[in-house]
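**Q** The chain contents come next:
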Amino acid sequence: MINVYIPGDSAAVSVGADAIAEEIMQRAQLASLDIKIIRNGTRGALWLEPLVEIEVGADRIGYGPVQLADIPSLFDADFLHGGEHTLGIGVVDQLAWLADQDRITYKRVGIIDPLSIGDYESHGGLAGIRRALSMEQNDIIAEVTESGLRGRGGAGFPAGIKWKTVYDTGSDTKYICCNADEGDSGTFADRILMEADPFTLIEGMAIAAVAVNATLGFIYIRSEYPTAIKQMESAIGIAREYGLLGQGILGSRRTFDIKIRIGAGSYVCGEETAMLESIEGKRGVVRSKPPLPAITGLFGKPTVINNVLTLASVPAILADGAGSYKARGVGRSLGTQIFQLAGNIKKGGIVETGFGITLDQLINNYGGGTLTGNPIKAVQIGGPLGAYFSSKNFDVSMDYESLVAAGGMLGHGGVVVFDTAVDLAVQARFAMEFCAIESCGKCTPCRLGSTRGAETIQKIIDGDNPDFNKRLLLDLCEVMTDGSLCAMGGLTPMPVKSALANFPEDFDQRVEAAK
Amino acid sequence: MTFTTWSKEAALAVLEPIRDEPGPVLVALQNIQAEFGFVPPDAVSVIAEFFNVSRADVHGVLTFYHDLRTSPPLANQIQICVAEACQAVGSRDLEETIKAIHGDQVSDAFCFGNCALGPAVMVNGKLIGRATAEKISQVLA
Numbered sequence: 001m002i003n004v005y006i007p008g009d010s011a012a013v014s015v016g017a018d019a020i021a022e023e024i025m026q027r028a029q030l031a032s033l034d035i036k037i038i039r040n041g042t043r044g045a046l047w048l049e050p051l052v053e054i055e056v057g058a059d060r061i062g063y064g065p066v067q068l069a070d071i072p073s074l075f076d077a078d079f080l081h082g083g084e085h086t087l088g089i090g091v092v093d094q095l096a097w098l099a100d101q102d103r104i105t106y107k108r109v110g111i112i113d114p115l116s117i118g119d120y121e122s123h124g125g126l127a128g129i130r131r132a133l134s135m136e137q138n139d140i141i142a143e144v145t146e147s148g149l150r151g152r153g154g155a156g157f158p159a160g161i162k163w164k165t166v167y168d169t170g171s172d173t174k175y176i177c178c179n180a181d182e183g184d185s186g187t188f189a190d191r192i193l194m195e196a197d198p199f200t201l202i203e204g205m206a207i208a209a210v211a212v213n214a215t216l217g218f219i220y221i222r223s224e225y226p227t228a229i230k231q232m233e234s235a236i237g238i239a240r241e242y243g244l245l246g247q248g249i250l251g252s253r254r255t256f257d258i259k260i261r262i263g264a265g266s267y268v269c270g271e272e273t274a275m276l277e278s279i280e281g282k283r284g285v286v287r288s289k290p291p292l293p294a295i296t297g298l299f300g301k302p303t304v305i306n307n308v309l310t311l312a313s314v315p316a317i318l319a320d321g322a323g324s325y326k327a328r329g330v331g332r333s334l335g336t337q338i339f340q341l342a343g344n345i346k347k348g349g350i351v352e353t354g355f356g357i358t359l360d361q362l363i364n365n366y367g368g369g370t371l372t373g374n375p376i377k378a379v380q381i382g383g384p385l386g387a388y389f390s391s392k393n394f395d396v397s398m399d400y401e402s403l404v405a406a407g408g409m410l411g412h413g414g415v416v417v418f419d420t421a422v423d424l425a426v427q428a429r430f431a432m433e434f435c436a437i438e439s440c441g442k443c444t445p446c447r448l449g450s451t452r453g454a455e456t457i458q459k460i461i462d463g464d465n466p467d468f469n470k471r472l473l474l475d476l477c478e479v480m481t482d483g484s485l486c487a488m489g490g491l492t493p494m495p496v497k498s499a500l501a502n503f504p505e506d507f508d509q510r511v512e513a514a515k
Numbered sequence: 001m002t003f004t005t006w007s008k009e010a011a012l013a014v015l016e017p018i019r020d021e022p023g024p025v026l027v028a029l030q031n032i033q034a035e036f037g038f039v040p041p042d043a044v045s046v047i048a049e050f051f052n053v054s055r056a057d058v059h060g061v062l063t064f065y066h067d068l069r070t071s072p073p074l075a076n077q078i079q080i081c082v083a084e085a086c087q088a089v090g091s092r093d094l095e096e097t098i099k100a101i102h103g104d105q106v107s108d109a110f111c112f113g114n115c116a117l118g119p120a121v122m123v124n125g126k127l128i129g130r131a132t133a134e135k136i137s138q139v140l141a
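Protein chains in written order, with this note's numbering: chain H, 1 to 515; chain A, 1 to 141.
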């Protein structure tokens, strides 16, 4: 029996992994070769997808990106026994792009069979929850606080402090809500984790529940992620059967279960209070804070709200201790960050490494420059509400504080690369248009300001009284920043202002042309 | 994809399993749409009555979310991602090209989480990476 790994990840499938798996199976059967195809998650090297891996002895030999037309020559090269082929990348674990990373949260991603809890356990799974169940609740929370883990959704709030707030409330009903509404363009780390290693998220939520005394959790997954939804549903079912969820988890006296709620195409529902409204079945309109969701959250009860990556980092922290986690990173940005390289990039995908890597290392060393081969003109970090940086910022250290100091933010760790074809005035206008479409409508600066902002940028593009309109735009940005309840209206000015500041020529040239 | 023809009885059969669901209105609308292909006008009062909430509440939720439709779906749904990462690899040009071919069946979407292999297009629920007009036509064929 030969084990063949072909990712079932939706990105790999989007470039043909299903057809490749079918074709390899058929040909193997014709040749009377006994193979077993395992649909693992992606390794995160999306530029190699579909990546076919063959287990040869203790190693996995990779071939990618495989197209249907390559399959006959792969069989000719006897790839099922690790034969040499132009698509061969050798032992996958030794590929520098992967080997140089520091995978903690993503330790099992792409390696295990995602729905095999036996595989999960033999690769270090369940050690965190087992240790947590043997600890005092205060000690679990202290361990998470000590690790320095901060919210990976974008806000960067210390996870342990949030948990402590929920723990300290006296309520008999508490909830764990996992925010899997990963709407930022350029981010896909939540999706890949849910598809490739769903038990890690379940274990992380269970640890949170044990720590704060919650008995029910919700995962709010966006509807654009049908494969992740299916994978999490299956994994929850398996976890219940195994006893990781339900009454008396893993033989303890603790009870915890998880429900999945599916989004309905609203970006703003990724904002934590809008998400709560949506889980309650209402319009996704943001709430004002205070009260904090940690005190008055879902259905009015104390609620831990964490992003997928935050919760998925917890099992490793509990298993290996806070010290090992916080030994990574820089300053107050401790541990690892799962960066996502996207857009016009040659080698896009997941790079998990300690905070403090430079942007240049990410986009040039890992990313290999643009897909088109043109020079990189702009990089947007942190999703549609993040700043556009020019080459003068490429040496910025990728951590929470340094990015803020540079006029941007880390957000969910998405890095979107643009080549010289991009027009930053058009991108700035798009930021306002996107806000106009997705605003929940509660705050006037966001609801109306976004439309006025798009109009004003159009005037600048048209050369209509540009100096006055630039001042007006900056004034509007100030009103939106200071006058909006949540990050939607509050941060939409960030891409706009950074485009103006870092790429003034894209706004000025038009003025010249119009004169 | 085939959908059930609207009837109040069929709608009640969809709602019954979620009777005790906490905060049920959005789930109810999603399940109704999955069953009938869209949310027919009569569904609003049926849901309101079933869960003892106001019709205004149901209408409010129905009109807030982009996913929910109040008319039957077109034969094909071609959603093209026009968010930043796909823009960076030419999704705006591709959008123009495929709108010229497939017309109203093309709609905009914001991110399928396939940002390293853009442009991303979803055709009747099937995600296509490094999308081209040819690949889309092949899926439709």
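Fair warning: there could be bad hints in the mix.
[Stated by the list, open to error] Within a straight-line C-alpha distance of at most 30 Å, the following computed DSSO-like cross-link-like pairs (lysine-lysine) qualify:
| no. | chain 1 | residue 1 | chain 2 | residue 2 |
| --- | --- | --- | --- | --- |
| 1 | H | Lys301 | H | Lys282 |
| 2 | H | Lys259 | A | Lys8 |
| 3 | H | Lys36 | A | Lys99 |
| 4 | H | Lys230 | H | Lys326 |
| 5 | A | Lys135 | H | Lys282 |
| 6 | H | Lys107 | A | Lys126 |
| 7 | A | Lys99 | H | Lys282 |
| 8 | H | Lys230 | H | Lys301 |
| 9 | H | Lys289 | H | Lys107 |
| 10 | A | Lys126 | H | Lys347 |
| 11 | H | Lys107 | H | Lys392 |
| 12 | H | Lys36 | A | Lys8 |
| 13 | A | Lys99 | H | Lys301 |
| 14 | H | Lys230 | H | Lys289 |
| 15 | H | Lys107 | H | Lys36 |
| 16 | H | Lys347 | H | Lys326 |
| 17 | H | Lys459 | A | Lys135 |
| 18 | A | Lys8 | H | Lys347 |
| 19 | A | Lys8 | H | Lys346 |
| 20 | A | Lys126 | H | Lys230 |
| 21 | H | Lys377 | H | Lys392 |
| 22 | A | Lys126 | H | Lys259 |
| 23 | H | Lys377 | A | Lys99 |
| 24 | H | Lys346 | A | Lys135 |
| 25 | H | Lys282 | H | Lys377 |
[Claimed, not checked] Pulled from the structure, derived: some chain H residues nowhere near chain A, Cβ distances all over 12 Å:
| no. | residue |
| --- | --- |
| 26 | Ala189 |
| 27 | Asp190 |
| 28 | Arg222 |
| 29 | Thr227 |
| 30 | Gln247 |
| 31 | Val285 |
| 32 | Thr296 |
| 33 | Leu298 |
| 34 | Gly323 |
| 35 | Val422 |
| 36 | Gln427 |
| 37 | Ala454 |
| 38 | Asn465 |
No lab work stands behind these hints: they were computed from the structure. All C-beta atoms, glycine included, are put in the ideal place defined by N, C-alpha and C.
**Q** Look at each hint and say if it fits the structure.
**A** Here's how the hints hold up against the structure:
Pair hint H:Lys301 plus H:Lys282 holds up; C-alpha atoms about 16 Å apart against a cutoff of 30 Å. Only pairs whose Cα atoms come within 30 Å are accepted, and H:Lys259 paired with A:Lys8 is accepted, the gap being roughly 28 Å. At most 30 Å may separate the alpha-carbon atoms for a hinted pair to count; H:Lys36 and A:Lys99 exceed this at roughly 42 Å. Simply put, H:Lys230 and H:Lys326 have alpha-carbon atoms about 34 Å apart, too far for the 30 Å limit, and the pair is violated.
For the suggested pair A:Lys135 and H:Lys282, the alpha carbons sit about 38 Å apart, so the restraint of at most 30 Å is broken. Taken as a hint, the H:Lys107 and A:Lys126 pair is honoured in the structure, with Cα atoms around 29 Å apart against an allowance of 30 Å. Under the criterion of a C-alpha separation no larger than 30 Å, the hint pairing A:Lys99 with H:Lys282 is inconsistent with the structure, at around 34 Å. Distance hint between H:Lys230 and H:Lys301 is fulfilled; the C-alpha atoms sit about 28 Å from each other, no more than 30 Å.
With a C-alpha separation of about 36 Å, the suggested pair H:Lys289 and H:Lys107 falls outside the 30 Å cut-off, and the hint is violated. As the CA atoms of A:Lys126 and H:Lys347 are separated by approximately 24 Å, the hinted pair is consistent with the 30 Å bound. Distance check on the hinted pair: H:Lys107 and H:Lys392 sit about 34 Å apart at the alpha-carbon level, beyond 30 Å; violated. Of the supplied pair hints, the one linking H:Lys36 and A:Lys8 is violated, its CA atoms being roughly 48 Å apart against a limit of 30 Å.
Of the pairs offered as hints, the one joining A:Lys99 and H:Lys301 is violated, with about 47 Å between alpha carbons and a cut-off of 30 Å exceeded. For the given pair, H:Lys230 sits about 34 Å from H:Lys289 by alpha-carbon distance, which is inconsistent with the 30 Å threshold. At roughly 23 Å between alpha-carbon atoms, H:Lys107 and H:Lys36 fall within 30 Å of each other, so this suggested pair holds. A C-alpha spacing of about 29 Å is found between H:Lys347 and H:Lys326, which places the hinted pair at or below 30 Å, so the restraint holds.
At roughly 38 Å between alpha-carbon atoms, H:Lys459 and A:Lys135 are farther apart than 30 Å, so this suggested pair is violated. Between A:Lys8 and H:Lys347, the direct Cα distance comes to roughly 53 Å. Violation of the 30 Å bound is thereby established for this hinted pair. Distance hint between A:Lys8 and H:Lys346 is unfulfilled; the C-alpha atoms sit about 53 Å from each other, more than 30 Å. Restraint check for A:Lys126 and H:Lys230: satisfied, since their Cα atoms lie roughly 14 Å apart, inside the 30 Å limit.
Of the supplied pair hints, the one linking H:Lys377 and H:Lys392 holds, its CA atoms being roughly 10 Å apart against a limit of 30 Å. About 25 Å separates the Cα atoms of A:Lys126 and H:Lys259, which keeps this hinted pair within 30 Å; it holds. Proximity of H:Lys377 to A:Lys99 is assessed by CA-CA distance (about 29 Å); at most 30 Å being required, the pair is judged to hold. The hinted pair formed by H:Lys346 and A:Lys135 meets the criterion: a straight-line CA distance of about 21 Å does not exceed 30 Å.
Between H:Lys282 and H:Lys377 the CA atoms are separated by roughly 42 Å; this puts the pair beyond 30 Å, and the hint is violated. In this structure H:Ala189 is not separated from chain A by more than 12 Å, as the shortest Cβ-Cβ distance comes to only about 9 Å. Not every CB of chain A lies more than 12 Å from the CB of H:Asp190, the least distance being 8 Å, so the non-interface label is violated. Annotated as non-interface, H:Arg222 brings its C-beta within 12 Å of a C-beta of chain A; the closest such distance is 8 Å.
In this structure H:Thr227 is not separated from chain A by more than 12 Å, as the shortest Cβ-Cβ distance comes to only about 8 Å. At roughly 18 Å, the least C-beta separation between H:Gln247 and chain A is larger than 12 Å, which holds for a residue marked as non-interface. Here H:Val285 does not stay apart from chain A, with its beta-carbon only about 8 Å from theirs, under the 12 Å limit. The claim that H:Thr296 is not at the interface with chain A holds, since no C-beta of that chain comes within 12 Å of its own (minimum 15 Å).
Taking the minimum C-beta to C-beta distance to chain A, about 9 Å, the non-interface status of H:Leu298 is violated against the 12 Å cut. No beta-carbon of chain A comes within 12 Å of the beta-carbon of H:Gly323; the shortest separation is about 33 Å. Once the 12 Å rule is applied to beta carbons, H:Val422 is inconsistent with being away from chain A; the minimum gap is 7 Å. For H:Gln427, the requirement that its beta carbon stay farther than 12 Å from each beta carbon of chain A is not met, with the minimum near 7 Å.
Residue placement check: H:Ala454 keeps its beta carbon more than 12 Å from all beta carbons of chain A (closest about 15 Å). The beta carbon of H:Asn465 sits about 27 Å from the closest Cβ of chain A, which is more than 12 Å, so the claim that it is off the interface holds.
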